[in-house]
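A.B. asks: So the chains spell out like this:
There are 4 protein chains.
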Amino acid sequence: MIRVGILGATGYTALETIKILLRHPEVTITAVTSRQDAGQPIAATHRSLVGRLDLDFEESDVPTVAAKTDVILSCLPHGASAEFACAYLAAGKRVIDFSADYRLNDLDTFRAWYGDHHPDGERVGKVVYGLPELFRDSIRQADLVANPGCFPTTAILALAPFVKAGLVDPQSVIVDSKTGVSGGGRTPKLNFHYPECNESISAYGVGTHRHMPEIDHILKRYTGTEVSAIFTPHLAPMDRGILSTIYATPVEPMTQDAALDVLLRAYADEPFVQVVDHLPATKDVAHTNYCHLTARIVKGRLVLVSCIDNLIKGASGAAVQNLNCMFGLPETLALRN
Amino acid sequence: MIRVGILGATGYTALETIKILLRHPEVTITAVTSRQDAGQPIAATHRSLVGRLDLDFEESDVPTVAAKTDVILSCLPHGASAEFACAYLAAGKRVIDFSADYRLNDLDTFRAWYGDHHPDGERVGKVVYGLPELFRDSIRQADLVANPGCFPTTAILALAPFVKAGLVDPQSVIVDSKTGVSGGGRTPKLNFHYPECNESISAYGVGTHRHMPEIDHILKRYTGTEVSAIFTPHLAPMDRGILSTIYATPVEPMTQDAALDVLLRAYADEPFVQVVDHLPATKDVAHTNYCHLTARIVKGRLVLVSCIDNLIKGASGAAVQNLNCMFGLPETLALRN
Amino acid sequence: MIRVGILGATGYTALETIKILLRHPEVTITAVTSRQDAGQPIAATHRSLVGRLDLDFEESDVPTVAAKTDVILSCLPHGASAEFACAYLAAGKRVIDFSADYRLNDLDTFRAWYGDHHPDGERVGKVVYGLPELFRDSIRQADLVANPGCFPTTAILALAPFVKAGLVDPQSVIVDSKTGVSGGGRTPKLNFHYPECNESISAYGVGTHRHMPEIDHILKRYTGTEVSAIFTPHLAPMDRGILSTIYATPVEPMTQDAALDVLLRAYADEPFVQVVDHLPATKDVAHTNYCHLTARIVKGRLVLVSCIDNLIKGASGAAVQNLNCMFGLPETLALRN
Amino acid sequence: MIRVGILGATGYTALETIKILLRHPEVTITAVTSRQDAGQPIAATHRSLVGRLDLDFEESDVPTVAAKTDVILSCLPHGASAEFACAYLAAGKRVIDFSADYRLNDLDTFRAWYGDHHPDGERVGKVVYGLPELFRDSIRQADLVANPGCFPTTAILALAPFVKAGLVDPQSVIVDSKTGVSGGGRTPKLNFHYPECNESISAYGVGTHRHMPEIDHILKRYTGTEVSAIFTPHLAPMDRGILSTIYATPVEPMTQDAALDVLLRAYADEPFVQVVDHLPATKDVAHTNYCHLTARIVKGRLVLVSCIDNLIKGASGAAVQNLNCMFGLPETLALRN
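Chains as they are written, first to last, in the working numbering: chain A, 1 to 337; chain B, 1 to 337; chain C, 1 to 337; chain D, 1 to 337.
Hints listed in this document are in silico derivations from the structure and should not be mistaken for laboratory results. Values in this document were obtained by computation on a predicted structure and should not be read as measured data. Some hints could be false.
Unchecked claim - From the structure, some residues in chain C lie toward chain B, with a derived Cβ separation under 8 Å: (1) I2; (2) S48; (3) D54; (4) D284; (5) H292; (6) R296; (7) K299; (8) G300; (9) T332; (10) R336.
To be verified - Derived SDA-like pairs: lysine to any residue, alpha-carbon spacing no greater than 25 Å straight-line: (11) K299/A / K189/C; (12) K299/A / T208/C; (13) K189/C / G185/D; (14) K189/C / K220/D; (15) K299/A / R186/C; (16) K189/D / H78/D; (17) K189/B / L279/C; (18) K299/D / G207/B; (19) K220/D / E59/D; (20) K93/A / P250/A; (21) K299/A / R3/C; (22) K299/A / P161/C; (23) K189/D / R186/C.
Positions of the beta carbon are idealized from the N, C-alpha and C atoms, including for glycine.
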């Protein structure tokens, strides 16, 4: 059994990771850490775990946790995550990092968007991006994997085949995304207060959201092409799910069938990317690790629709998919539910 | 024009009160107070007021506010509310108090449920309860009105005619209420955090909710009968609305028609209480000052269903209805929307 | 008192219109029609009207209804609406038509998007579009007004000043809209079945929605410029509200302040269009006739955010605003709530 | 591998059953039937199954389906379900029936609540009720199991230990239940139309809901005591979950600790019934086969709170738990997610 430790386990992505791992036949959860709730049973915080996981939160003491784990899944915020990631790497553990600390292509961009401090800046740009559909071979060898951001997952899966083949103008890309509220985390704030965000939709972080450079960087890394996407996230009144509607200008006239064919060929063998003819809804993929994708041509413009469960394929499911890759297990283990 | 000042105007009940008063032909809002946001435009806090109310929050300085108002609506929390209420009363202003400070029949019960401190304990038990359907004449004369609690409004309107006529065992009453989340206020807390309470229903405050003694006291005050109700509130995933399902044992066999008739006769002339044959839904009364009521007999037991908008008939609409009473205006002014 | 008749009064837009008119001091509702519910009290269908409107549905018999009304508001579907509109016009009544029958600039486009049949094709292209912010003077004189579509209202109000001033490339426009479910009407269908659309967001009608030509036509009519917008509506899990995020390429570099200034100058004197600095949410305008608008510049591209209540400013409130214009009343009457 | 056929597989309970069985290591789904969609791929109806289950719907032709299955799960409506159940039993197949056809204790009661027709009336009253917590041994031997109703599951699990021990007055029981909308099925109807039931709560079927006699009968069958419960279901604006708040009068004074202890002792060894100290929420058990239970004493009365996922422990999960029992598999297989 692979022994897993989860850092920062009070949040929603940690909870979802735990639920997936509880049905994983090759994994056992041996440590869950939380600074604020150390010493408390995890089921006191996550009541859905009553009777299902009998562990207490502990501090993230590296020697203690390292001694009882084979792999660390870090759900800590950026900055803190890299700090612990490099400590556990030094202790010989493999690490999957949910934060943005190791996702971007260079430290300068990280600093411009996340602030000057990075406790492990040297590794930035050298860590594999944990999207097996694009970087599977590297993930298999990796000791450290940067788990993708939720919005970039939808955008990159949709755009990568078109950018790679040079079919669209890489400066014309617009990503208009809609997310459920769980993406905002478990800490109460006014904009996630039920009577504020229920029955309402709003744009946020227009031009300033940190996932904007991530989309550009990973598409560049995978395709070699400079991409400059406009990214607009919206908060929708639902727990989970992301739907991204993506606009790009074809460099030459493209039919709808041709557009769908680009996707179909790219993902024919991928277990978790399903190219569909109909317009997908986030509910079709809720509580699963699937991404549903389709394409349309409107007045000559390419319109892509891409949706995932932000907590699963956008975070926890992706992490378990990466874990399966890293440990030579069938990639779909515990994820075909 | 009646000049109105609203204390504690950052919350949802204040906002609803303002929206109602903005369409009131005899009223002008001249002061809105907030300790935390003093000096800020109210529309910066309540964005739905952009272009509709051009006032800044101010401190609740009694001489200043009193000088420009005829009546004070206090949306302050209990304790603080009585403190300001008696100051404005002393300054010659009429006051409608949204808090529980003056609702109960005696100070001892107040202390048992709300804590020892009451800044104006002498008035407790002598203030009219602002339910015009039961206490209209007293409200008309009053300088101080205790605006009812939201849950008690549903329970008291449904039960009062039956208890008054001695038709049900007053010890058999069970009030099972379901409320929207706005009843919990505007301050972010984990249990009102969207991903926690969305798609979920739960009971809370079972046996400990402060509206339980209020139901007993006001029914006693109106009917002379000691009532001991069991009250169980539930949090439902919606913005607004309360539906109470109320169970009581008839002292003699009662038909459904007879039960409906008790309600119909009691409220025949009431503009805001509508007795209906069908089972009402909170949506039928959302954003209105109406209460919809019906009765059923199941296996000999009386089952009453009563619903209101918790922010309107359960708070702000009731306050404006009281204001209309107090100032000799048509009771439905600004409330027939 | 202006006597109003409402055709097709079983739907949501009719209900909202009634609620607004119930607080209108110069209007009385004298007829409500419904083929399917003729003879039934309207409150049996719309339970929120219990005790508020004591009228029975009747058939839309033109002489009968014309005899007791001064103005007709038609909430009938396209085709049927024009049929009755021209009959009531012939009977000397003024008409506000909620359908798309008279909105477009020419009959050919109507036929291409709505089908060959139009019972009053000659008037198409000659009827004023009921957006007072753009066409107020014509509305004042009109006997027949084409009430705008909900999505076009958000898009046209945001784009008109920029297109009029030649500031953006009219071929670059993308309108990505998100609407609540009430926009789909009151007839039960699988895609509006609660467990299907709750907790889910999806795109629909991509490239095929009938509001796409309406956006192009009205912008052309107002500005003289040919516009070709891509329009993508999305269904969001909420009752009401539309938020449109609109992308356009400036013909010359534009700052964010300049963009906001374009909107501020265009709508400085408009009571119902509020230009805001913050990113607005549909909740800010829910249950009101307001449109909140803002502008951003992202990577040189103009991003506009525009939101309304689809049932009010997107339908019923707009109709009452038009009615106020047509009858020389203050335009905000009954709408400042 | 156990070969499973699912009858009436277009609905929500069938879909949930399929999702559970897809992760069941000992089961393979070999047939899914639907009269209306026969010949179509199941993923065309249930889009969440794209790429996960490659089967076409077929007619429920007994010889054909029997030849390729070991056990039949019938999600057909009552009446139709018994008709097919007895045919598959005659063909030597084991059957789990989701309908109410075999749940009650006698045919007369069935006829009074469900109508005169029962295609297999002789078996009524002789079929084991599929609640393993109460009837595990009989389920293990059974060829036919009556899968429980969703509301009765919450009520019976909570009440059974108290009634069995004679601790409460069996005539005093009130079950006030709140359910999500998926309980109403997948066929569009006005009361499940999103804009009707969203943001609203209502009681329905007061005194007339068919689960009322089921609660009485099964408690009688398990405890030998005649129970007469008042049952009031409510529709809450959420996809899934049932929370029942249950009131009963203790025959002798009971402390809260004693009440909790009754539950703890009854369910100490049950994998899926968790007795908790806190007040549970439906979200704690959503998407799981767990029931969370607690007890309170309020003014001497016993108040029980019981919650489940109506589609899982209230239908599909219960069925798989029964299947595991019937086939001698670990009862929690595929259900510990």
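A.B. asks: Decide, hint by hint, whether the structure agrees.
C.D. replies: Against the structure, the hints:
1. I2: 18 Å, violated
2. S48: 5 Å, holds
3. D54: 12 Å, violated
4. D284: 4 Å, holds
5. H292: With a minimum Cβ separation of about 7 Å from chain B (threshold 8 Å), the hint on H292/C holds.
6. R296: 17 Å, violated
7. K299: 27 Å, violated
8. G300: Hint on G300/C: violated, closest Cβ of chain B at ~28 Å, above 8 Å.
9. T332: Not OK, violated: T332/C not within 8 Å of chain B, min 10 Å.
10. R336: With a minimum Cβ separation of about 6 Å from chain B (threshold 8 Å), the hint on R336/C holds.
11. K299/A / K189/C: At roughly 29 Å apart (the allowed maximum being 25 Å), K189/C and K299/A break the hint.
12. K299/A / T208/C: 11 Å, holds
13. K189/C / G185/D: Between K189/C and G185/D the Cα gap is close to 13 Å, so the pair holds against 25 Å.
14. K189/C / K220/D: Measuring from Cα to Cα gives roughly 41 Å; hence the hint is violated.
15. K299/A / R186/C: Violated, because 32 Å separates the two Cα atoms, which is more than 25 Å.
16. K189/D / H78/D: 19 Å, holds
17. K189/B / L279/C: 24 Å, holds
18. K299/D / G207/B: 8 Å, holds
19. K220/D / E59/D: 38 Å, violated
20. K93/A / P250/A: Violated, at roughly 45 Å.
21. K299/A / R3/C: 46 Å, violated
22. K299/A / P161/C: 24 Å, holds
23. K189/D / R186/C: The hint holds at about 10 Å.
Hints 1, 3, 6, 7, 8, 9, 11, 14, 15, 19, 20, 21, counting from the list given before, are not met by this structure.
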